[in-house]
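Got two chains here, each in a separate frame; can you build the complex from them with the hints?
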Amino acid sequence: MSQNLEAVLEGFCLQCNQNSRLRDMNRDWDRVVAITSQGEHATPLWIVCRQGELTLHRHAPGDEADLEVEAPEEVLRAVFSGQLSPTEPYNRGELMVRGSSDDLMRLDIITLLLWGD
Amino acid sequence: MLPLRTAVSTSAGLASAAINFLAAVEVAQLTSGHWAWVAILVAGVLIVLAATNFAELNGLYPTAAAIRVWIGRGWNDQLARVASLVYASTVLLVMAADAFVLAQAFGQALPHVPGLLLVALVVAAISAANLRGIRVSGAIQDLNALVLLATLMAFSLAVLWHHPLPPSLPRAAGSGGFWQAVAVGVFIYVGFEWVTPLAEEFRDARSIPKGMLIALGLVAIAYALFTAALEALYPGARGLADSFTPQLVVGRAAMGEIGYWWMMILTLTTAGTTFNGGLSTASRFVYALARERTLPPGWARLNRRLVPARALLGLAALSLALAGVVVASRHYQLLINVGAGVESLMYALTAVLVLSLRRREPNRPRPFRALGGRYGIAAGGVIYLALGVGALLGGPGLLAPAGLLALLLALAWGWVRLGMPRWTQGRAHVQRL
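Protein chains in written order, with this note's numbering: chain A, 1 to 117; chain B, 118 to 550.
If you're looking for bench data, these hints aren't it; they were derived computationally from the structure.
Where hints are given, some of them may not hold.
Said to hold, decoys possible - Calculated Cβ distances over 10 angstroms to all of chain A for the following chain B residues:
1) 180
2) 186
3) 268
4) 282
5) 377
6) 382
7) 408
8) 419
9) 489
10) 493
As the list claims (entries may be wrong) - Simulated DEER-style distance windows between Cβ atoms:
11) 115(A) to 227(B): 21 to 29 angstroms
12) 227(B) to 62(A): 39 to 47 angstroms
13) 227(B) to 38(A): 53 to 61 angstroms
14) 62(A) to 473(B): 52 to 60 angstroms
What the hints assert, rightly or not - For the chain A half of the interface with chain B, some residues (derived, Cβ under 7 angstroms), not all of them:
15) 93
16) 97
17) 101
Ideal Cβ positions, reconstructed from N, Cα and C, are used throughout, including at glycine.
Next comes chain B alone, as it looks inside the complex (with noise of 0.2 angstroms):
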C-alpha cells in the first residue's frame, strides 16, 4: 500500500506543470506588487472548492475509474464514456503544452540541439521508466515533486532575501484586475485531482483527500513565493510578457549562471512531473477504458510487469506529436485554454455529482464531505462553470479553444455513439448480468 507522502507528491506534482510560470507572469501582470501573490493564495481557497468535491466522491467510490464510476452513478453511462475520453485527452493536451515549454527552454540552453529532440528523449526515458512498473514511477514522482517544490520555494526565498518586495507598490489595474488574475491563479492548481484513481491503493481512505489539500497548500506557497520573487526582480512582469521561459530569466537575472540553471533543472522537474504522473495515471485509465471496450481493446495490453505499455507507448507518442505540432505553429496557448476549460467545466461537474449522488445514494458511507452545504457547492459549480467558459472563449483566435474542446466532444460522442458498439459485437464470452 502507498505512504500519504505519494498522495502528496502524486497531486503536487500534477499540479505543478511548466506552464504554471507563464501564468505566474499572467497573474503579475493582471495585478501587480503584493496583490500577485495574494491573488495565487486566494485562488488556492478556491480550488479547495473542487478539492473538497473530490475528497467527497473519492471517498463514495474510491476506484481507478474514478470519474467514470462518478459520472455514471451521478448522471448516466453514456456521458461518462465520453466525458472520461475527453478528460483523458485533456492530459494528452497538457504534456504537449509542457513539452512546448521544454522545447524552448532546451532551445535556448542547447542551441545546437532541436529542442523538441532533448524532449522526445526526456519523454523516452520517462516512459522506459514507467515500462518497469508502477513502483518506480511512484518513486520518480515522489522524487520530482520533492526537487521541484523545496528547490523553488529556496529560489524564491533567496530572491526575496536579496530584493525584498517594497512595503507598498502600486497595483497595476483595478480590482478587476485582481479578480482576473485569481481566475488565471486557478490554473495554476489544476490537475491536482488525478491523484484520484490511485485510491485503491491506500490503506486509509482519508490519504487522498488530505493528500490533496497538503499538495495544494505547498503548490501555493511555491507559485506565491515564485510570483512575489518575479514580482520583486520585474514589478508587474514587465519585461517577461514575450518570454516562453520566464523563470529562465529570472533566475539569470536574479543568480547569473547558476541562477539560469537552477531554474533550467527546476523546469526540467515539473515538465518530468507531468509526463511521468500523466503517463503513469493516464495509462492506466486508457487501459480500464479499454478493457470495457470504451476503447480498442488493443490499448489493454499490458507486458511483463504488468504495465499497459501500448496505452503509455501511445499516450507518449501522441503528445509528442502534439507537442512538435505546437512547436511548430507556436499555438500552445489553445492547448492551455482548452485543457483548463475542461479542467474547470469538470470541476463543476463534480458539483453536480456531489449533489446527485447526495441525493441518490444518501445512504451510502462518505468519509469525507464537501464543504459548504448545498447551496456553497453549488455556488462553487457555478464559479468553474464561469471560468470555464472564459478559459473556452479567451486566448488567441476567435473561439478557437470552444471550437477544439467541441470537435473533442464531437469524436468522443461519434465513437461512444457508433465506433465502440463495432468493438462490443465481438464479445462472445461474456453476457450481461
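Isolated chain A (complex conformation) (with noise of 0.2 angstroms):
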C-alpha cells in the first residue's frame, strides 16, 4: 500500500533537511507552499522552510502562502517522492501552482537536485 501524503511529505522535508547542498541553497528562501490535494475534503498541508529548513505543517502556519500548488493525491505523491518529474503533470494541466515564478523554479529546482530529471 502506498504511503499517504502526509507521510511522503515529511520524508521530502527529511531529505531536502539532509542534502546540505540544497540546506545552503535554500538559506535565502524563507517561504510557505500551501499543498493541496484534489477532492471534496482536501485540506492543505504547508511547507514552510525557514533557513533552509524545511518544516511539515498540519494547520496554516499564520504566513500567507507564498506558492500554492494542487494535484490529484496520488500525483503528488509521485512528484515529492521522485517518481515522477513534476513537469509532467504540469504540462498536462494535473499539477496547478499560483505564485511567483522564481518560487516555482526553486521547488522545480529541488526536486531535480535531489531526484535528477
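Structure below.
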C-alpha cells in the first residue's frame, strides 16, 4: 500500500534537510508552500522553509502561502517522492500552481537536485 | 504576486512591435481618410473575439505552460508539442523583424555605425537585465510600455491639433479596401496573448483577461491616433510606401528634429518591449519544454537568479542571427507574414479548443467565458483561419511564407517524432504513473 501524502511530504522535507547543498541553496529562501490534493474533503498541508530548513505543518502557519500547489493526491505523492518529474503533470494541466515563477523554479530545482530529471 | 498593471503592460508591450508602424502605413494605403483609423478600431473589435478565447482557456488552466496544456487537453499531446515549438519560434521571427526595423532606424540616425551592431548592443543590454531576474524584466516592461503608449498618443494628438483631419476625405479604395485594411489592422494587435504564461503570478484569476482587454483598448487608441496623424500629414500614406521607418518620416514632417528624435526614442521603446517581453516569456516557455525534454535538457539550465539563462541567451542569439539574414536579404516581409499567419492560425485554434474543452470538461470552473456563444466562437475561428491563410499566401515570393511555415512544422514534427525520443531514453530516474 502506498504512503499517504503527509508521510510523503515528511520524507521530502527530511531528504531536503539532509542534503547540505539544498540547505545552503535555500538559506535565503524563506517561504510558505501550501500543498492541496484535489478532492471533496481536501485540506492543505504546509511546507515552511526557514533558513534552509523545511518543516511540514498540518495547520496554516500564520503567514500567507507564497506558493500554492494543487493536484490529485496520487500526482502529489509521485512528485514529492521522486517517482515523477513535476514537469509532466504540469504540462498535462494536472499540477496547478499559483505564486511567483522564481518560487516555482526553486521548487522544481529542489526536485531536480534530489532525484535528477 | 504581480499587479494588474503588469498584465496590461506585458500584453500591450508585446502587441506594440516596431513593425506596427509599417502595418499602420499599409492600412492607410488601403483606405484613406477617416476610414484608416476606423479600420484599426474595427480590427480591435475583431481581436477581442480571440482575446476572450484566450481568457476562457487561461481561466480554465492558468498555467505558464499555457497553449502546451490547452492543446494537450483539448486536442492531443503530440499536436501540443509541435504547436508549442512553432509558436515559440514565431517570437523569434517577430523579434528578428523588429530588429530589422530598429537597424534601419539606427542606420538613418547614426549612419556611420552599422545599425545591426547597435541593435546587438540593445539586445545584449536587455538580455543582461533579464538575466537579473523576472522582477527586473517586469519593471523594464512596465516602464517601456507606459512610455511607448503615452508618448505615441501625445505625439499623435499634438499632430492632429496642428494638422486636423478634414471632416470629409475621399476614400482611396472601395469597401473591399476597407476590409483588407481591417485584416491588416488585426496584425497590429498580435502578440497581446503572450501575457497568458504569467497567469500563475496573479492572485486574482481575472487579472489576465482584464489586463488583455485594457491593453487592447490602449493599443487600439494609440495606433488609431497615430494612423489618423499619419493620414493628416500624408493622405493615403503617399510618400511613405518605400520607407522602412515611416514613423521617423512622420515625426520629422510634424515637428522637425524634435519630432524625428521623439519617434526614434519611441521606436527604441517598441523594440525594447518586443525584445524584453519576448525574451522573458519565451525563455520560460523554452525552459518548460526543455524540462519535459521536448527540447534538449541543456536549455533548462538556470543561473543563480533562477533565470533560464541558456534559453534566454540562445533565443537572443538566434533572433540576432535571423535579423542579420533579414538585413542582408531585406526579406523582412516574409517574417511578418509567417508570424502573422501563425498567430492567426493559433487564434483559430483557440476557438476549436474552447469548444472542445467545453465538451470534454464541462464541469471545470471557468472564471471567464468567451464571447459569442458556440456559433459566434466558431465564426471567429473561421475568420482567423481565413486571415491566417491570407497572410501565408500573401506577401513577396510565390508561397514563400507558407513554405517557411511548412518547413517549421516539418522540423517541429520531425523533432517530436524522431529527435525527442532519443533525449527521453535517458530518463532513468523517472517513471510514468
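Looking back at the numbered hints, which does the structure fail to meet, lowest number first? 1, 2, 7, 8, 11, 12 and 14
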